[in-house]
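Novice: Each chain, written out:
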Amino acid sequence: MSLNYYLILAAFLFCTGIYGVIARKNGVLVLMSIELMLNAVNINLIAFSQYQQMPAGNTFALFVITIAAAEIGVGLGIVLLITRNLRSPNIDQLDQLKG
Amino acid sequence: MVAAQLLYPLTKLAADASEHGSGHGTEQAGGHGGEHHAVGEKITEVTSHGPWLLNHAWLIVLIPAISYFLILFFGKKLPKKGHEIGLASIFSVLIMAFVIAYQWITRGHEYESAVFGKSYTWWRNGPIELGVGTHIDGLAVMMIVVVAIISTLVHVYSTEYLKGDVRYTHYFAALSLFTASMMLLVVADNTLQLLVGWELVGLCSFMLIGHWWEDKNNTNAALKAFFTTRTGDIGLLTGVIMTFFIVQQATGEGSFSILDINNAALSGTVGHTLLFMTALALLLGIIGKSGQFPLHTWLPDAMAGPTPVSALIHAATMVVAGVYLGARVYPVFWEGFNIGETSINMMVLVGGITILIGAALAFVQDDIKKVLAYSTISQLGFMVMGLGAGAWTAAIFHLFTHAFFKALLFLGSGSVAHSGSHHSFDMKKDMGGLRKHMPITFWTFMVGTAALAGVFPLAGFWSKDEILANAGEAGYKTFMIVGFVGAFLTAAYMTRCIYLTFFGEYRGHHHPHESNKTITIPLIILGFLSVTAGLLNAVAFDIHKFQEWVEPKGAFPYYNLVEEGGAYILHAPFSVPKAIIASLVAFAGIGVSYLYYWKKIGFVGLTEKSKLAKAFHTFLVNKYYLDVLYTDKIVGYTKGAIAHISYWFNQTVIDGIVNFAGKATVKIGEFTYTRADQQGVDGVVNSLATGSQGTGSELSRYQSGKIQKYGAALFASVVILALVTLFVIR
Numbered sequence: 001m002s003l004n005y006y007l008i009l010a011a012f013l014f015c016t017g018i019y020g021v022i023a024r025k026n027g028v029l030v031l032m033s034i035e036l037m038l039n040a041v042n043i044n045l046i047a048f049s050q051y052q053q054m055p056a057g058n059t060f061a062l063f064v065i066t067i068a069a070a071e072i073g074v075g076l077g078i079v080l081l082i083t084r085n086l087r088s089p090n091i092d093q094l095d096q097l098k099g
Numbered sequence: 001m002v003a004a005q006l007l008y009p010l011t012k013l014a015a016d017a018s019e020h021g022s023g024h025g026t027e028q029a030g031g032h033g034g035e036h037h038a039v040g041e042k043i044t045e046v047t048s049h050g051p052w053l054l055n056h057a058w059l060i061v062l063i064p065a066i067s068y069f070l071i072l073f074f075g076k077k078l079p080k081k082g083h084e085i086g087l088a089s090i091f092s093v094l095i096m097a098f099v100i101a102y103q104w105i106t107r108g109h110e111y112e113s114a115v116f117g118k119s120y121t122w123w124r125n126g127p128i129e130l131g132v133g134t135h136i137d138g139l140a141v142m143m144i145v146v147v148a149i150i151s152t153l154v155h156v157y158s159t160e161y162l163k164g165d166v167r168y169t170h171y172f173a174a175l176s177l178f179t180a181s182m183m184l185l186v187v188a189d190n191t192l193q194l195l196v197g198w199e200l201v202g203l204c205s206f207m208l209i210g211h212w213w214e215d216k217n218n219t220n221a222a223l224k225a226f227f228t229t230r231t232g233d234i235g236l237l238t239g240v241i242m243t244f245f246i247v248q249q250a251t252g253e254g255s256f257s258i259l260d261i262n263n264a265a266l267s268g269t270v271g272h273t274l275l276f277m278t279a280l281a282l283l284l285g286i287i288g289k290s291g292q293f294p295l296h297t298w299l300p301d302a303m304a305g306p307t308p309v310s311a312l313i314h315a316a317t318m319v320v321a322g323v324y325l326g327a328r329v330y331p332v333f334w335e336g337f338n339i340g341e342t343s344i345n346m347m348v349l350v351g352g353i354t355i356l357i358g359a360a361l362a363f364v365q366d367d368i369k370k371v372l373a374y375s376t377i378s379q380l381g382f383m384v385m386g387l388g389a390g391a392w393t394a395a396i397f398h399l400f401t402h403a404f405f406k407a408l409l410f411l412g413s414g415s416v417a418h419s420g421s422h423h424s425f426d427m428k429k430d431m432g433g434l435r436k437h438m439p440i441t442f443w444t445f446m447v448g449t450a451a452l453a454g455v456f457p458l459a460g461f462w463s464k465d466e467i468l469a470n471a472g473e474a475g476y477k478t479f480m481i482v483g484f485v486g487a488f489l490t491a492a493y494m495t496r497c498i499y500l501t502f503f504g505e506y507r508g509h510h511h512p513h514e515s516n517k518t519i520t521i522p523l524i525i526l527g528f529l530s531v532t533a534g535l536l537n538a539v540a541f542d543i544h545k546f547q548e549w550v551e552p553k554g555a556f557p558y559y560n561l562v563e564e565g566g567a568y569i570l571h572a573p574f575s576v577p578k579a580i581i582a583s584l585v586a587f588a589g590i591g592v593s594y595l596y597y598w599k600k601i602g603f604v605g606l607t608e609k610s611k612l613a614k615a616f617h618t619f620l621v622n623k624y625y626l627d628v629l630y631t632d633k634i635v636g637y638t639k640g641a642i643a644h645i646s647y648w649f650n651q652t653v654i655d656g657i658v659n660f661a662g663k664a665t666v667k668i669g670e671f672t673y674t675r676a677d678q679q680g681v682d683g684v685v686n687s688l689a690t691g692s693q694g695t696g697s698e699l700s701r702y703q704s705g706k707i708q709k710y711g712a713a714l715f716a717s718v719v720i721l722a723l724v725t726l727f728v729i730r
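Chains as they are written, first to last, in the numbering used here: chain A, 1 to 99; chain B, 1 to 730.
Hints were generated in silico from the structure; no laboratory data involved. Be careful, since some hints might not be right.
[Said to hold, decoys possible] When the alpha-carbon atoms are kept at most 27 Å apart in a straight line, the in silico BS3-like pairs for lysine-lysine are as follows:
id: 1; chain 1: B; residue 1: Lys706; chain 2: A; residue 2: Lys25
id: 2; chain 1: B; residue 1: Lys599; chain 2: B; residue 2: Lys429
id: 3; chain 1: A; residue 1: Lys25; chain 2: B; residue 2: Lys81
Please work from the sequences and hints to get the whole structure.
Specialist: And the structure:
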């Protein structure tokens with residue numbers, strides 16, 4: 001298969017992720033969308049790694065997976081606290097930074 | 001007997017070399033031949049075989065480290081609140097230390113000049129390897145033994161001294177951590193690891209000075225100690241980085257390994273500027289840690305911590321870390337400061353000034369621990385001066401003996417405070433006449449004082465005399481005289497301290513009694529060591545055990561001896577006149593003090609008779625100043641003036657500089673405010689403010705606080721940026 005298919009799939013996933021992050025109100029869904037974006041990047045990395053026959057991309061993908069695991073741990077912790085404090089997982093209500 | 005049998009380096013070396021038939025001059029270039037490390041041979045790597053414990057010395061770091069975590073997590077639940085773990089770990093450390101010392105001493109001829117240890121790489125970047133490992137030679141073994149002995153006695157002592165303390169468990173945890181960190185510093189095989197240990201002991205010092213942090217004074221003292229030593233550590237850090245480049249310049253590949261650094265510094269292929277700058281930077285680290293002038297001010301304040309901590313950390317072990325560093329990478333100092341060729345250099349100067357400043361200030365203290373703290377500063381000055389004058393062995397020997405008698409004095413003062421003066425350290429208010437009530441404390445304290453003052457044949461006599469003899473022999477005549485003055489002052493202020501504490505009438509309002517055995521037994525053991533430790537290197541009796549055991553035989557500087565003009569450790573022959581002068585000076589100090597305090601002869605009542613003194617007296621209403629004046633009368637105006645000047649210097653010049661800087665800043669600020677700010681800048685600022693307020697209120701509509709809107713804006717900007725890069729910039 002040509003490289004393009006992978007890139008198009010990754011771009012599609014990435015855009016889905018962006019849409020989710022911007023449009024969803026539920027914190028958990030936002031986190032899932034972030035995961036989608038990260039995995040889109042992973043697909044790109046592995047695709048390029050295969051295309052150029054260089055193992056560095058695979059290593060990076062492994063790194064990203066590890067970081068993503070750590071990130072989702074922290075992220076879910078934050079969402080849990082938001083839910084506990086605001087009585088809903090709706091991150092729309094978080095506007096304390098209003099200037 | 002006392003003749004010049006001690007032209008050690010040349011004669012002994014030649015004898016050794018012919019005896020063992022290897023390792024002489026021509027061979028040393030050829031390599032180290034794996035098994036055999038004879039005297040004079042250049043050592044380039046550590047030996048990882050031979051006596052077991054010498055190669056597994058990391059255990060001595062590990063055990064107290066584990067003990068720290070155990071006490072921290074489980075200590076409070078245990079019946080003895082955690083001190084059983086601390087005692088178990090410290091006693092196993094003590095046994096291991098003795099085994100290490102035994103194995104080191106009996107290591108045999110094939111390991112004569114070997115350095116034992118293991119090194120592991122924990123970080124690698126290209127050709128650069130950073131290791132963690134052990135470097136066991138005579139110096140490290142000596143230090144391990146000192147730390148283990150003092151730490152054990154302090155652990156035992158603390159179980160009584162801190163009985164029922166609020167943070168008893170944490171105290172023992174911190175002691176364990178301190179022992180582990182100090183051992184890590186001592187066995188370090190590279191300067192980076194040494195730096196880690198160095199900072200860790202600094203942290204423990206901070207924790208233990210501020211042990212009773214409910215009192216603001218104690219936290220202030222802890223912070224002062226931490227920040228002041230950190231100031232010196234800037235130099236240490238710089239110096240450690242520069243040691244890497246010393247090796248790089250000599251071999252082409254940088255390294256932090258102590259062996260490599262010492263070899264590189266002596267190889268003659270490193271530029272003198274680099275060596276000098278490194279030595280200077282490392283000296284700043286020593287000044288900070290070992291309480292040298294002008295960064296000595298933290299050490300007296302550090303007495304806010306519990307007394308056993310003062311004995312362990314601020315007298316015997318941590319404060320000598322600086323001296324240890326100086327001895328460790330001695331070739332850097334030797335070459336950097338040209339120690340072998342000059343009659344004055346930075347190191348000897350710093351040490352010499354510190355001796356006098358510290359000793360003079362010790363006269364004006366009413367707090368017994370502060371007297372001892374200033375005394376420690378002064379004695380550390382002796383060690384640094386010894387190193388600076390090329391008297392490596394003598395300086396390290398003084399470190400060794402000083403650890404025992406100063407720990408003894410601190411623990412003695414703790415015993416007085418614990419049972420005699422009801423937790424007060426004020427000699428004038430709460431002590432006096434305690435010799436009848438506390439005989440054991442009194443006699444051990446007397447032994448410690450005599451050892452510190454340098455009374456023959458106690459420990460301090462041998463080590464101090466050796467420093468002075470070597471300094472004189474190496475051409476540092478001025479500093480030898482400074483040392484004699486220091487010895488005189490030491491004897492005098494310690495006699496004053498003894499008088500105020502143990503003689504006269506009891507001035508406190510409690511019922512003094514002797515401390516119990518948990519406190520007196522460590523005192524007796526230390527008293528015994530204070531008497532005997534000096535005999536390890538009693539050169540007058542032709543005993544050089546310390547020299548034989550501790551001096552590096554392969555790492556440095558012997559290997560260079562065979563090359564022309566190479567560096568080697570000096571051993572001055574024992575000189576009877578110098579020893580007699582040293583003893584006379586010590587007895588003169590004791591005598592003058594004795595006459596003044598006991599017999600009230602000398603300059604007593606000078607304030608009443610002399611108008612000058614009277615005027616001086618009325619001028620100094622403060623009690624602290626009064627004490628300076630009393631001191632003044634013991635030996636006339638000269639010494640009092642020194643004390644006064646150094647105090648004045650402390651208070652006026654050093655503080656003055658700081659105050660001046662502060663005041664100048666305020667003045668500049670005021671000037672700027674009235675002239676530039678109000679008249680010139682304000683107009684501009686006001687118009688700018690109006691402008692930005694308008695812009696701000698406009699922009700604040702976009703600051704909704706909704707994260708998702710921000711996210712959308714972010715992505716939109718990225719898309720725009722991407723489009724710009726794609727279509728416009730191209």
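Novice: Each hint needs a verdict: does it hold in this structure or not?
Specialist: Verification of the hints:
no. : hint                   : verdict
1   : B:Lys706 with A:Lys25  : 11 Å, holds
2   : B:Lys599 with B:Lys429 : 21 Å, holds
3   : A:Lys25 with B:Lys81   : 53 Å, violated
Checked against the numbered hints above, the structure violates only hint 3.
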